[in-house]
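K.L.:
As a plain string of letters, each chain reads:
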Amino acid sequence: MGRSLNHERYDDAFIRGILDTVKTVAVVGASQGDDKPSMFVVKYLSDRGYRVFPINPGRAGQFVAGVKAYAKLADVSEPIDMVDVFRRSDAVPEVLDEVLALSPRPRVFWMQLGVKNEEAALRAEAAGMTVVMNRCPKIEYGRLSREIGWVGVNTRTLSSKKPQRLGAGVQRLQLGPRVKSPR
Amino acid sequence: MDKPNSGGERTPGFSTLSVHAGAQPDPTTGARATPIYQTTSFVFDDVEHAAQLFGLQTFGNIYTRIGNPTCNVLEERVAALEGGTAALSVASGHAAQVNVFHLLMTPGDEFVAAKKLYGGSINQFNHSFKSFGWNVRWADPDDLSTFEKAITPKTKLIFIESIANPGGIVTDIEAIAKIAKKANIPLVVDNTLATPYLCRPFEFGADIIVHSATKFLGGHGNSIGGLLVDGGKFNWAGDDRYPMISKPRPEYQGIVMAETFGNFAFAIAARTLTLRDLGAALSPFNAFLIITGIETLPLRMQKHCENALAVAKFLAGHNAVKWVSYAGLPSDASYKLAQKYTPKGAGAVLTFGLKGGFEAGVKLVSDVQLFSHLANIGDTRSLIIHPASTTHRQLNDEQKVAAGAGPDVVRLSVGIEDIEDLIADLDQGLAT
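Going down the list, the sequences are from chains R and F.
Just so we're aligned, residue 3 is where the first sequence starts under the working numbering, counting upward by one.
Just so we're aligned, residue 8 is where the second sequence starts under the working numbering, counting upward by one.
The following block holds chain R by itself, in its conformation from the complex:
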């Protein structure tokens, strides 16, 4: 078995490339309860203009964080650009099986914070998908828009450009400008 691409560190340009171009996101393992991180991600992304589909068999047809939920990935009638997985690392392969059966195939297979599966990453990449593991799209969007600076987090970005507000919210920002490497 070959090795997948390095998933320890991601260039900001790589993550920005995903978050800039993806329009629809299915969140698999979107749990019950306002206290669950998956709810935070559904709400945060949908407030920033992404169409989000929470996938949870127990809440099919209900509204979850203001967004309609589905029992399984195949029930979503629109094309899904990215699948965001909130499951245990060892449950990831079965999620990938469902993802690979979708048509059109999603471009991005994203595993949440603490979720890592090299074997699934390899299979997804072999199928032409872009893979991210052990990251949260809410935190990454927060970093690259620099919104997360409002809670004192190190965004690891520098910019001398004025941030652009997103829509009508007083505290919603667009993803930052692309920073070209001098190299």
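The set of hints was computed from the structure by calculation and includes no laboratory data.
Possibly wrong hints are sitting among the right ones.
[As the list claims (entries may be wrong)] What the simulated footprint calls covered on chain R by chain F, stretch by stretch (three residues with Cβ under 8 Å from a Cβ of chain F suffice, anywhere in the stretch; the number is not a length):
{"id": "1", "stretch": "12-18"}
{"id": "2", "stretch": "146-156"}
{"id": "3", "stretch": "159-167"}
[As the list claims (entries may be wrong)] Simulated crosslink set (PhoX-like; lysine-lysine; CA at most 25 Å straight-line):
{"id": "4", "chain 1": "R", "residue 1": "Lys118", "chain 2": "F", "residue 2": "Lys10"}
{"id": "5", "chain 1": "F", "residue 1": "Lys240", "chain 2": "R", "residue 2": "Lys118"}
{"id": "6", "chain 1": "F", "residue 1": "Lys10", "chain 2": "R", "residue 2": "Lys25"}
{"id": "7", "chain 1": "R", "residue 1": "Lys118", "chain 2": "F", "residue 2": "Lys254"}
{"id": "8", "chain 1": "F", "residue 1": "Lys156", "chain 2": "F", "residue 2": "Lys188"}
[What the hints assert, rightly or not] Computed spacing ranges between beta-carbons, pair by pair:
{"id": "9", "chain 1": "R", "residue 1": "Thr26", "chain 2": "F", "residue 2": "Thr299", "range": "39 to 49 Å"}
{"id": "10", "chain 1": "R", "residue 1": "Ala76", "chain 2": "F", "residue 2": "Ala40", "range": "47 to 57 Å"}
{"id": "11", "chain 1": "R", "residue 1": "Asp99", "chain 2": "F", "residue 2": "Ser135", "range": "53 to 63 Å"}
{"id": "12", "chain 1": "R", "residue 1": "Gly116", "chain 2": "F", "residue 2": "Thr23", "range": "25 to 35 Å"}
{"id": "13", "chain 1": "F", "residue 1": "Ser22", "chain 2": "R", "residue 2": "Gly51", "range": "32 to 42 Å"}
Every residue gets a Cβ at the ideal spot worked out from N, C-alpha and C, and that includes glycine.
Chain F: place on chain R using the hints.
P.N.:
Using the frame of chain R, we list chain F on its own:
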């Protein structure tokens, strides 16, 4: 799609981060310098937005006790300079310490602290923390086995200073970090005297850093402030000993900080639980002054270290001086540790003892004309004090000597004036 990691993305240097990290032109006005958001509160878009903010579901500002955009710039600036994941600004260095301990300790717990510390910290640990039921066990940084021996099943953290006040002694951070790791407890390092310019404790295994930004970070003696910085490496998840970070919080509909906020959970808990309830918020105006000071941190620290070394050499060669404690002198006990932990310089703070003892020290402090006699360190101005009668006064004689603040000790915080003027001032002050 771009490759995941092309190796082409650069990390900015320390001076660039000192000027820029955390800051961006203001979105509304384009203002380049960080605006001073001298406001108590912030409007919401609507009820939904307010609910999300209070529920920690979106990032933003509600009320300056919990967060303020000017203070946020300072937080990200210091987190970036230390190489941490996040930071929280508070009213003072002491408040930063209270905040850290409040998150990690419960009544009846113990902690191990190096006995070579700022007198204010020693008092805080021996008195106020004791009244909370947080019990200190002192250890000697010159004998690392005392740290291991002091650890019990009740020990929740270890606390040290990277460069210690008042003698400028350097602590073996990496060795103590190993002891902490073996006991599976976090290492807290007060990095005030070194600043991240001279020492970055996370690189040696520290878990949390505290700062009195009042000192070298702000650098100009005008603003009291403090920070705690999250190193992002300690594994809080599922650890019942630290329930504020690992357990469902009733204050926030049952969320678990460690699950929701990954490697910056400690800093978020510090803000949303401790700062919120204990209230030691930093003034936005103070934050602005400290941010401005940090922009010149590298330049100032270089000059501080150059001047301090020259002063230490002058004193060491002076016939009225019995001994000098400064890790930049090759003969000093901390010299080797300084080469490892603070290779760019040994800082600005040093102590010395006069042959004439206590009386000679008192005379010097009153005879200098350029050095300011006051209780502070880390100003552009050179400062002088006699710790035994001031900063370390409330310790007993044994504790004073153990802390490096015996009766004959004079402490200097060397500023950034012309070195000839500083030496001339000390020279005339030492003349009998």
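K.L.:
Checked against the structure, which of the hints given earlier come out wrong?
P.N.:
none
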